[in-house]
Amino acid sequence: MGSDTRARLLEAAAQLFREQGYAATGLKQITAEAEAPWGSLYHFFPRGKEQLGVETVEHSGTRYLRLFDLVYERTGAADEAVRDMFRLSAEALEKSGWADGCPIATVALEAATTSEPLRHACADVFAGWRAATARRFAAEGLEPADDLATYVFAAFEGALLLSRTGHDTGPLRVTADIVAETIRQRARK
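All residue numbers for the sequence shown refer to full-length UniProt numbering, where the first residue is 1 and numbers rise by one.
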């Protein structure tokens, strides 16, 4: 039962942080959304909101990396996997009424100058995503794999921000095409 409550708290925090940000999300709101007793929050996260934030970022980072791995395994090619991730993000963003952005970026933008533990957690997730993607790219002979992975995530996060604020999936879709073509061109070299 305890691990279920903890998981619900992490999921609720992840959803609320994505939709409204870290600072605007209260602990009581998280426990209500998780349908968890108030005391359970401090039982699982005795250092409070910042600890919950760090663990939520880590949890979300792991979940999204697994999603990318599934998409990559299904397509079997870097360009198609990246295009599918952009497309899935565009669909999720539109379906959520423009509220469901990157689970890490929303917190990262707020925490970069206010919380070293949160900043580190976000930086570690982004670094992990880039490293995993670079390994996949290198396995396909795409070089320089590290630089290409950095480019993909920078383009993705920027396009997601433009789409979310503009209430238009166009930036995600256009960027997906350009990034996929760049990867295809690298594969031909």
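Please note that a few of the clues may not be correct.
Capping the alpha-carbon separation at 16 Å, the derived lysine to aspartate or glutamate pairs in EDC-like fashion look like this [said to hold, decoys possible]:
1) K49 - E116
2) K95 - E116
3) K28 - E58
4) K49 - E73
5) K95 - D4
6) K49 - E110
7) K95 - E19
FRET-style restraints, in silico, Cβ to Cβ [as the list claims (entries may be wrong)]:
8) A32 - A77: 18 to 26 Å
9) A32 - R188: 22 to 30 Å
10) R188 - T150: 18 to 26 Å
11) A127 - R87: 41 to 49 Å
Honestly, the hints are just simulated from the structure, not real lab data.
Keep in mind the model is a prediction, meaning the values are calculated, not measured.
For glycine and all other residues, C-beta sits at the position ideal for the given N, C-alpha and C.
Verification of the supplied hints:
{"no.": "1", "hint": "K49 - E116", "result": "14 Å, holds"}
{"no.": "2", "hint": "K95 - E116", "result": "33 Å, violated"}
{"no.": "3", "hint": "K28 - E58", "result": "21 Å, violated"}
{"no.": "4", "hint": "K49 - E73", "result": "36 Å, violated"}
{"no.": "5", "hint": "K95 - D4", "result": "27 Å, violated"}
{"no.": "6", "hint": "K49 - E110", "result": "14 Å, holds"}
{"no.": "7", "hint": "K95 - E19", "result": "13 Å, holds"}
{"no.": "8", "hint": "A32 - A77: 18 to 26 Å", "result": "43 Å, violated"}
{"no.": "9", "hint": "A32 - R188: 22 to 30 Å", "result": "53 Å, violated"}
{"no.": "10", "hint": "R188 - T150: 18 to 26 Å", "result": "21 Å, holds"}
{"no.": "11", "hint": "A127 - R87: 41 to 49 Å", "result": "25 Å, violated"}
This entry does not satisfy hints 2, 3, 4, 5, 8, 9 and 11, going by the numbered hints stated previously.
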